[in-house]
Amino acid sequence: MRTRPGARAGQYAALLGYLVFLALPFLWLLSVAFKPARELGSLHPTWIPEHPTLGNFRQAFDEQPLLHAAFNSLLAAVSAAVIAVVLATPMAYVMARRPTRLARAASGWVVVSQAFPFVLVIIPLFLVLKNLRLIDSVPGLVMVYVVWALPFALWMLVGYVRAVPVELEEAAAIDGAGRLRTLVSVTAPLLAPGIVATGLFAFVTAWNEFFFALVLLKTPEKQTLPVVLTHFIGTEGVADLGPLAAAAFLATLPSLAVFAVVQRRITGGMLAGAVKS
Amino acid sequence: MSSATEKRRTARRAPGTGPPRGTAGHGAWFLVLPALIPVLALSVGPLLYGILLAFTDAQSGRTAPTRWIGVLNFSDLLHDTLFWESFRIGLVWAVGVTVPQFLLALGLALLLNEDLRLRWLARALAIIPWAMPEVVVGVMWRLVYNPDAGILNETLRDLGLGDGRDWLSGLTTALPAVIVVGVWAGMPQTTVALLAGLQNTPRELHEAAAVDGAGAWRRFRTVTWPALRPIALAITALNFIWNFNSFALVYVLTNGGPGGRTRLPMLFAYEEAFRYGQFGYAAAMGCVMVAVISVFLALFLVGRIRGGDDA
Chain X
1 MRTRPGARAG QYAALLGYLV FLALPFLWLL SVAFKPAREL GSLHPTWIPE
51 HPTLGNFRQA FDEQPLLHAA FNSLLAAVSA AVIAVVLATP MAYVMARRPT
101 RLARAASGWV VVSQAFPFVL VIIPLFLVLK NLRLIDSVPG LVMVYVVWAL
151 PFALWMLVGY VRAVPVELEE AAAIDGAGRL RTLVSVTAPL LAPGIVATGL
201 FAFVTAWNEF FFALVLLKTP EKQTLPVVLT HFIGTEGVAD LGPLAAAAFL
251 ATLPSLAVFA VVQRRITGGM LAGAVKS
Chain H
1 MSSATEKRRT ARRAPGTGPP RGTAGHGAWF LVLPALIPVL ALSVGPLLYG
51 ILLAFTDAQS GRTAPTRWIG VLNFSDLLHD TLFWESFRIG LVWAVGVTVP
101 QFLLALGLAL LLNEDLRLRW LARALAIIPW AMPEVVVGVM WRLVYNPDAG
151 ILNETLRDLG LGDGRDWLSG LTTALPAVIV VGVWAGMPQT TVALLAGLQN
201 TPRELHEAAA VDGAGAWRRF RTVTWPALRP IALAITALNF IWNFNSFALV
251 YVLTNGGPGG RTRLPMLFAY EEAFRYGQFG YAAAMGCVMV AVISVFLALF
301 LVGRIRGGDD A
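Just so you know, the sequences run in chain order X and H.
Going by this note's numbering, the first residue of the first sequence is number 1, and it counts up by one from there.
Going by this note's numbering, the first residue of the second sequence is number 1, and it counts up by one from there.
If you are wondering where the hints come from, they were derived from the structure by calculation, not from laboratory data.
One side only, chain H facing chain X, incomplete, derived with CB under 10 Å: (1) G45; (2) L53; (3) L112; (4) V252; (5) F274; (6) M285; (7) L297.
Okay, derived cross-link-like pairs now, EDC-like style, lysine to aspartate or glutamate, Cα gap no bigger than 20 Å in a straight line: (8) X:K218 - H:E271; (9) X:K218 - X:D136; (10) X:K222 - X:D62; (11) X:K130 - H:D57; (12) X:K130 - H:E271.
Keep in mind that this is a model prediction, so the values were computed, not measured.
Even for Gly, the Cβ is constructed at its ideal location relative to N, Cα and C.
Work out the full structure, taking the sequences as your base and the hints as a guide.
Written out as structure tokens, the structure is:
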């Protein structure tokens, strides 16, 4: 379709505006992370650090148990992702292929559960986990994350199952393959990329999660990265800007990496679920 | 999901052969259990327990047994001006974030749907806010808003627009300042959803309309928008709910301050439950929030059913 030159120019101007709005805050975070304390104290901050340094990163590791926190985050996010996908895949399969009343009720619940104010769920969970002595432990947090990741995992997976042609399964059945055999050797391989994308998305949501971790984890050595990050901001709200920015930047890297790799699949899968389920 | 929608979809999938096919035959209910049991145990269960708690005087660290007190928490809540103030702030915040978020996302989605040169860069950048932990987004914008070392004030000074101020601690500026952050953080998801909706609208319709001499605005109104409406409605209702429930962003940016001007309902309930130990009272707050949200959830479900019909 042809577009008039004037309109084109307007479109580029608008796009430029969006690029600036989206990129500048992140670039500023990078700038602060690599600036020495002296430049941060200056009254006229600059975009590019004059004497870039890694000192903020070293200081961040000295001030807070970042390595511990990163390990806890990794443990929680990987376990939650793996368990959520393992639990969700069979159900997604049923929901996509044979929407029984139970599966449909579950699908309705998936939507409803997105709408809870978490505080209504966290208070009872806090009490129950406390009685089970699972407060202040990563396994307790993982249990919460799994359930929290299930709705979206289901949604994405249903879309991926629908994309596998039923005809392939039928052909295998006609060729004499049993139900299990068909699932394992025909459906599963085609579903694998979708399962991986779903798992990575669950990983990112758990890696980024803050509220449950804040409530459930009390000892500094047990806390995840987002919670530890808030310790850089003192009680008075005064922050040591350099180390804060350095730590914040590090905390973003894993999810950015995951998104960069599977962005297309994640958005595709989520939308397939959201639009069609 | 309406049964009419379901029937139609089934019919499309397997013309004239009855029920949906595939290897999930009878007895497939068994496959639902692994996901269903944890969900029942850790979300339906706690939800019901939470509603029960709202009718008790449950507190943390109390030795006396918890008692059933009926609707006392709710009648107290009715007179709690601080709660209703936070409720009002929550609504202002949710509307203030959701509406610009939608409009900006719609604009960006329309741009990304065109054949523009820097499209890939915009797509790549749109991932950043989405992938970032909310805590990091909060930290990042604190650095931008910082009264001395922040880039916002420096830019304003350079442009000759005032001497800079402490945006996040100003009584009048704090809420608008956090709203901007909320818009920034949530815009990408909305953009991607709308972009997918745009790509589902048939190109031929556009071209036919263009041949008929319809201008850009008319083509948008008569072709694009009708196709986009169901998904737009659904995403807006969901965004509103998510925004109303949000916590981490504002917790990091202002922790509800200054003077409670940005104290969203979730922050209020969190403090009530985990700082003052008033579990029953906080649970009652959660119930009130659920009641309000249900209205928007209904809107979303309506939008989704329509979306299903159009898909």
